[in-house]
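Using the sequences and the hints given, assemble the complete structure.
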Amino acid sequence: MNPVRYEKITAKQVLNPVKTPAMPFEHSINPYRGCQHGCSFCYARAMHAFLGLNGDDTFQTNILMKENAPEALREQLRKAARSRKGLAGIGRIAIGTATDPYQQAEGRAKLTRGCLEVLTEYPVPLTITTRSPLILRDLDLLRKLPVYAVNISLNTLNRTTWRNFEPGAPSPSKRLETVRALTDAGIPAGIFMAPMLPYITDGRDELEELIAAAAEHGAQFVMASYLRLSASDVKVWFFETIRRHYPQLVGKYAGLYASSAYAPREYRDPVRRYVDELLERYGLRDLDEEEEAPRPGERAAGAATPGRSSGKPLEIAWEPPAGSPGSACGGCPAANAGAGAVASAGAAASASAVASAGAAADGGFAGAAGDSASRRGFADGSRTARQSAGTPGAAQAVAAADGTAAAEAGMPLALEPDSPPAQLVFTF
1 MNPVRYEKIT AKQVLNPVKT PAMPFEHSIN PYRGCQHGCS FCYARAMHAF LGLNGDDTFQ
61 TNILMKENAP EALREQLRKA ARSRKGLAGI GRIAIGTATD PYQQAEGRAK LTRGCLEVLT
121 EYPVPLTITT RSPLILRDLD LLRKLPVYAV NISLNTLNRT TWRNFEPGAP SPSKRLETVR
181 ALTDAGIPAG IFMAPMLPYI TDGRDELEEL IAAAAEHGAQ FVMASYLRLS ASDVKVWFFE
241 TIRRHYPQLV GKYAGLYASS AYAPREYRDP VRRYVDELLE RYGLRDLDEE EEAPRPGERA
301 AGAATPGRSS GKPLEIAWEP PAGSPGSACG GCPAANAGAG AVASAGAAAS ASAVASAGAA
361 ADGGFAGAAG DSASRRGFAD GSRTARQSAG TPGAAQAVAA ADGTAAAEAG MPLALEPDSP
421 PAQLVFTF
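Sequence positions in the sequence shown follow UniProt numbering and run 1 to 428.
Bear in mind the hints are in silico, worked out from the structure with no lab data behind them. Please note that a few of the clues may not be correct.
Heads up, simulated PhoX-like pairs for lysine-lysine below, C-alpha to C-alpha not over 20 Å straight-line [said to hold, decoys possible]:
1) Lys19 to Lys85
2) Lys12 to Lys110
3) Lys110 to Lys144
4) Lys235 to Lys252
5) Lys12 to Lys79
Derived CB-CB ranges, DEER-like [stated by the list, open to error]:
6) Arg204 to Pro264: 34 to 44 Å
7) Lys79 to Ser173: 37 to 47 Å
8) Gln248 to Arg163: 11 to 21 Å
9) Asp276 to Arg82: 27 to 37 Å
A virtual CB, placed ideally from N, CA and C, is assigned to each residue, including glycine.
As structure tokens, this is what we get:
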């Protein structure tokens with residue numbers, strides 16, 4: 001895989017309207033473009049095309065950071081608060097519809113945290129979707145906000161499957177522990193079981209194992225969503241993963257997705273019925289988008305899901321031990337001498353202003369209209385819209401980061417002991 005490049009860009013806006021009626025939110029926030037988790041099935045790979053980039057590993061190695069995201073959000077919310085409808089006109093905000101807001105870059109850039117700080121000034125009901133335990137860093141802010149739900153994306157407990165499809169994402173066990181920590185802190189949280197991969201993660205035993213684990217770790221809901229392969233960039237990259245790791249399934253997938261972005265209902269409906277049966281069996285529910293977010297004052301600190309708390313606090317080590325091979329997680333976008341020499345930005349203008357993608361990526365959860373997975377919870381689809389983008393001019397510096405250097409630089413979240421070292425390229 002290519003070294004990770006970070007580019008600072010200036011966004012015209014970060015609060016983007018989502019006009020798809022099926023979606024249970026009205027606006028979205030994505031502080032980054034691209035995602036270091038590198039999930040091969042991610043629909044947001046197609047959004048890189050709006051920036052003149054590719055949907056291959058460029059999606060996970062060329063990370064665009066909206067350095068002015070908190071400031072742009074504050075200005076948008078300030079104007080909204082003074083409008084006729086006030087903040088009520090914003091509706092519900094979804095953070096992380098086309099990127100993971102807590103990917104490795106967030107550990108240093110803190111753009112998501114900055115946006116949450118702004119939202120404490122202008123409280124609007126919100127949801128957050130992530131695969132990362134880094135969200136626990138921001139518990140102090142989450143407790144102050146009308147959080148409707150934190151969706152922890154997890155579609156398998158199988159470590160081989162996880163490594164094959166989500167090479168840069170935290171392990172399934174870390175994500176389950178994150179659900180436990182959130183619910184123990186009184187934050188509504190559950191599992192976003194997405195996407196279900198035909199013939200890989202959709203077996204009856206595997207589905208039950210995951211839903212049982214969700215219940216055991218205090219999840220308050222489980223949302224299930226099907227694999228959606230709408231854009232050619234996404235489909236090509238996903239099929240490369242299938243050919244590499246599951247060559248015996250290439251023909252089956254080609255048949256399932258020959259004429260539609262979704263597998264046919266003859267496949268989907270029995271899976272959906274079994275998931276619903278499991279939710280009932282384990283006392284879980286789908287996420288009810290009509291339910292109101294609790295007001296911060298109504299949320300008891302430390303509150304847990306009744307009957308499910310382990311009573312044990314979760315400890316998260318935010319910085320890896322020196323020398324750990326998993327330390328080089330690629331999560332240090334800031335200029336930091338510990339990660340090697342980084343070229344001076346010179347001026348904010350060194351990266352051209354990039355216009356917001358509007359609803360293109362930020363509506364990326366939209367699925368097929370009328371599909372139950374889309375209605376219930378952020379199906380794996382994407383919306384298209386116009387994108388105007390500049391081409392950032394940049395000064396570059398390369399830093400070879402071994403585990404020790406990464407630890408000294410304060411990189412967050414050693415995802416797994418077997419994560420490989422990385423070469424980091426910082427672009428400003």
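Here is what the structure says about each hint:
no.	hint	verdict
1	Lys19 to Lys85	17 Å, holds
2	Lys12 to Lys110	19 Å, holds
3	Lys110 to Lys144	18 Å, holds
4	Lys235 to Lys252	14 Å, holds
5	Lys12 to Lys79	14 Å, holds
6	Arg204 to Pro264: 34 to 44 Å	19 Å, violated
7	Lys79 to Ser173: 37 to 47 Å	43 Å, holds
8	Gln248 to Arg163: 11 to 21 Å	18 Å, holds
9	Asp276 to Arg82: 27 to 37 Å	45 Å, violated
Checked against the numbered hints listed earlier, the structure breaks hints 6, 9; every other hint is satisfied.
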